[in-house]
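**Q** The chain contents come next:
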Amino acid sequence: MATVATAAAAAARHNAALLVPKGDGGSLPVLDSGFFGPRVAFVPEFSPTCTQQNASVRAVMAPPQLQQQRSPASSGIVKHALTATEKILARASEKTQLVPGENVWVKADILMTHDVGAPGTIGIFKREFGKDAKVWDREKVVLIPDHYIFTADERANRNVDILREFALEQDIKYFYDIKDRSNFRANPDYKGVCHVALAQEGHCRPGEVLFGTDSHTCNAGAFGQFATGIGNTDAGFIMGTGQLLIKVPPTLRFVLDGEMPKHLLAKDLILQIIGEISVAGATYKAMEFVGSAVDKMTMEDRMTLCNMVVEAGAKNGVVPADSTTFKYLEGKTTIPYEPVSSDGAASFLQEYRFDVSKLEPVVAKPHSPDNRGLARECKDVKIDRVYIGSCTGGKTEDFLAAAQLMAISGQTVKVPTFLVPATQKVWLDLFTLPVPGAEGLTCAEVFTKAGCDTPTAPSCGACLGGPQDTYARMNEICVSTTNRNFPGRMGNKDAQIYLASPYTAAASALTGFVTDPREFLS
Amino acid sequence: MAVSTVVMRALPSPGIAVSPASSSSSTLSCSRGVPLAAAAALKSHVANSSSADRVVVAVAGGCERRSSNVQFVARPKSAVRSSSCKSRLLQARAATAVEDGESEGSESGSAATIHGRCFVVGDNIDTDQIIPAEYLTLVPSKPEEYQKLGSYAMIGLPAKWGRFIEEGKSKTEYKVVIGGANFGCGSSREHAPVALGAAGVRAVVAESYARIFFRNSVATGELYPVESQGRICDENKTGDYVTVDLELGTLVNHTTGKQYALKPIGEAGPVIDAGGIFAYARKTGMIPA
Numbered sequence: 001m002a003t004v005a006t007a008a009a010a011a012a013r014h015n016a017a018l019l020v021p022k023g024d025g026g027s028l029p030v031l032d033s034g035f036f037g038p039r040v041a042f043v044p045e046f047s048p049t050c051t052q053q054n055a056s057v058r059a060v061m062a063p064p065q066l067q068q069q070r071s072p073a074s075s076g077i078v079k080h081a082l083t084a085t086e087k088i089l090a091r092a093s094e095k096t097q098l099v100p101g102e103n104v105w106v107k108a109d110i111l112m113t114h115d116v117g118a119p120g121t122i123g124i125f126k127r128e129f130g131k132d133a134k135v136w137d138r139e140k141v142v143l144i145p146d147h148y149i150f151t152a153d154e155r156a157n158r159n160v161d162i163l164r165e166f167a168l169e170q171d172i173k174y175f176y177d178i179k180d181r182s183n184f185r186a187n188p189d190y191k192g193v194c195h196v197a198l199a200q201e202g203h204c205r206p207g208e209v210l211f212g213t214d215s216h217t218c219n220a221g222a223f224g225q226f227a228t229g230i231g232n233t234d235a236g237f238i239m240g241t242g243q244l245l246i247k248v249p250p251t252l253r254f255v256l257d258g259e260m261p262k263h264l265l266a267k268d269l270i271l272q273i274i275g276e277i278s279v280a281g282a283t284y285k286a287m288e289f290v291g292s293a294v295d296k297m298t299m300e301d302r303m304t305l306c307n308m309v310v311e312a313g314a315k316n317g318v319v320p321a322d323s324t325t326f327k328y329l330e331g332k333t334t335i336p337y338e339p340v341s342s343d344g345a346a347s348f349l350q351e352y353r354f355d356v357s358k359l360e361p362v363v364a365k366p367h368s369p370d371n372r373g374l375a376r377e378c379k380d381v382k383i384d385r386v387y388i389g390s391c392t393g394g395k396t397e398d399f400l401a402a403a404q405l406m407a408i409s410g411q412t413v414k415v416p417t418f419l420v421p422a423t424q425k426v427w428l429d430l431f432t433l434p435v436p437g438a439e440g441l442t443c444a445e446v447f448t449k450a451g452c453d454t455p456t457a458p459s460c461g462a463c464l465g466g467p468q469d470t471y472a473r474m475n476e477i478c479v480s481t482t483n484r485n486f487p488g489r490m491g492n493k494d495a496q497i498y499l500a501s502p503y504t505a506a507a508s509a510l511t512g513f514v515t516d517p518r519e520f521l522s
Numbered sequence: 001m002a003v004s005t006v007v008m009r010a011l012p013s014p015g016i017a018v019s020p021a022s023s024s025s026s027t028l029s030c031s032r033g034v035p036l037a038a039a040a041a042l043k044s045h046v047a048n049s050s051s052a053d054r055v056v057v058a059v060a061g062g063c064e065r066r067s068s069n070v071q072f073v074a075r076p077k078s079a080v081r082s083s084s085c086k087s088r089l090l091q092a093r094a095a096t097a098v099e100d101g102e103s104e105g106s107e108s109g110s111a112a113t114i115h116g117r118c119f120v121v122g123d124n125i126d127t128d129q130i131i132p133a134e135y136l137t138l139v140p141s142k143p144e145e146y147q148k149l150g151s152y153a154m155i156g157l158p159a160k161w162g163r164f165i166e167e168g169k170s171k172t173e174y175k176v177v178i179g180g181a182n183f184g185c186g187s188s189r190e191h192a193p194v195a196l197g198a199a200g201v202r203a204v205v206a207e208s209y210a211r212i213f214f215r216n217s218v219a220t221g222e223l224y225p226v227e228s229q230g231r232i233c234d235e236n237k238t239g240d241y242v243t244v245d246l247e248l249g250t251l252v253n254h255t256t257g258k259q260y261a262l263k264p265i266g267e268a269g270p271v272i273d274a275g276g277i278f279a280y281a282r283k284t285g286m287i288p289a
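Chains A and B, in that order, are what the protein sequence lines are. Residue numbers are given in UniProt numbering: position 388 of the first sequence equals residue 388, and the series is strictly consecutive. Residue numbers are given in UniProt numbering: position 123 of the second sequence equals residue 123, and the series is strictly consecutive.
Treat the hints as calculated values from the structure; they're not laboratory data. Don't take each hint at face value.
Capping the alpha-carbon separation at 25 Å, the derived lysine-lysine pairs in DSS-like fashion look like this [stated by the list, open to error]: (1) K296/A x K425/A; (2) K169/B x K493/A; (3) K126/A x K142/B; (4) K148/B x K493/A; (5) K358/A x K327/A; (6) K160/B x K493/A; (7) K173/A x K425/A; (8) K179/A x K142/B; (9) K148/B x K126/A; (10) K171/B x K493/A; (11) K142/B x K131/A.
Which residues of chain B face chain A? A partial, calculated answer using Cβ under 7 Å [what the hints assert, rightly or not]: (12) N124; (13) P132; (14) Y146; (15) R211; (16) A219.
Computed Cβ-Cβ distance ranges for the label pairs, DEER-style [as the list claims (entries may be wrong)]: (17) D171/A x E173/B: 42 to 50 Å; (18) Q411/A x G162/B: 42 to 50 Å; (19) E144/B x K131/A: 14 to 22 Å; (20) D180/A x W161/B: 39 to 47 Å; (21) G230/B x E169/A: 45 to 53 Å; (22) E169/A x Q147/B: 22 to 30 Å; (23) F326/A x E173/B: 39 to 47 Å; (24) E276/A x G162/B: 50 to 58 Å; (25) G230/B x D355/A: 31 to 39 Å.
Cβ atoms here follow ideal geometry from the backbone N, Cα and C, with glycine treated the same way.
Build out the structure end to end from the sequences listed, making use of the hints.
**A** Below, the structure written as structure tokens:
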């Protein structure tokens, strides 16, 4: 085992050295002087506007004499005020300062991939680094099958086999395997939805850099880290080198203050924000969430916020870590971490202020996450189904909220209501945690009483359609706690999806129409 | 406008042969390892192509799964730009570069030109429309599944945009996709640019892009994600014959006669020219070939 580990480490260093020579052995050559090496070795993150900006290109193959041209600012004497995102990227790229628009090589702390992204990533990794190449760090690659699991689709099943083969070959420490598809409980390692699993298994830590082959990787920003989604090629690159070239995003700051109304949830807040700035309002930017309302939020609330920043086009979302974060992490991770938060004098591209006490439950109407509407104004929309699940709205607290509303109502659902817990742990919580105010009944008992479908095996489920035999695959008018409602998102182009909070979803299930939760919550 | 096509092919046997295949095109064949001679022959050929307004040099072969790679274009002789000499030199150098596997060419921008019919869509074409999730079980790094992905490109589009791939076919007839704002939004799935590239799309020209799609397009080298100056999707129709010229920074619609300005492809250009980020890294000597 030691030989493999040493060989792997050596391989990773070799792979990394090929691409990022260290010059004097210290930090990488700095380009504040504006010097470009004889060749443009690696291009900056490929923003369409990168030519407009003075994007400094890191000349990886720069000649040694560059070292003497380092300006005082790069030697640590002058420090600028940085945002949380800038601080994280500065630390990960071993720079004392950086500015938005700058391209930096960052070290990845975690690379996550799943059954949809991994096969392609592994193919690229082997093609580019060699059939016998080893990943840069067997403890930093987390393999989580979660997308197409409970299906008879042969290719989908084969893709999980590919993950397993790779995990064995590379001796990957964290591989949340599933073999027995007929009974998810019989698979002790299996978790479910990757983003919720990453959080629950302690892979999200303040100040770290996390990449995943999934757009909702930004979910982890709730832990005060830099987390973003990438494609197979970038992931294959990280597998071999442990690094990636990233363009530092400017930060949009969202200050959420005021007392959260009892009928409002984090999902309402993020839908409000996306409706405000549009699906491209945060493209290439970081979204930072602060304020008294955020301070009071649980980790799951913060995840809901950060989960959907990609729907506004953002590169990453971030909630600075605090005592809530530290408490959540107790017992989950033994790896030390260093939290960061934005300096008081940091520059933000724009600041938005919300008084959450004045907000109302909202939905995103078909067919765009920014097609915001007040839930109460959609009360004439007759629906066919309700779907409660996904990384966005299938966490324990999401189900607790839905169950709470249903218990208060004492009524039964008027439409098929599908419950898809994100992970095994969430599923277990549904059957063990009592719902506040429901006289000791568990979530599952409340749901059964209300006539919902039995909570199903944890996975991404129908959030993104999936193979034809995916549970709850959608072709009708639906209220869903998921994250996207573009045409065909849940399996059928003609379906109409209203994105909503768990409260709104539960209320809608009880009436058969899009319903404001205040109909049930006083 | 007369177009003379010079196709450079790699041959097993040494030497150079120039064989006029037809009155409007000639084939310049050369073997690997004869770059200087090839460049010289190319220069003299171009200089002698008095009947052609435009010389297109298409390099055949090369990247494992693409049949034609980079195209270099000489300035029309009547062009206002005085860089025609420079262009020919660039061509020769580029030809050299392809043969040698090293690049001394432009560090920014691309000389690629794409001719073909365009397929026009609107705003916020998300990755679920470009390649619905049910097809994500196909692994892009497997050649057979790569081809299959291509056959499903844009299959998630609502009917109002029309058919992207003809019934029974596996490749699209449209080389250029013209879009509105926020093209490629949604998922990080690399299958999206891959499906488009595998289907035969060479460039998307959109008002703006979602970041992950843009980045994936460049990293894979599957297509050029070009930005138009302003919105052009309302003025072009599916089926129009267009030319996208990355060096000139123009999209010409031959059907309507209109021309539109494009934003420079910048540093993404050489990466896509090379066939993606790993190929580019090899070509520039960053990683051993």
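**Q** Of the numbered hints stated previously, which ones are contradicted by the structure, given in increasing order?
**A** Hints 5, 14, 23 and 24 are the ones this structure does not satisfy, whereas the remaining hints hold.
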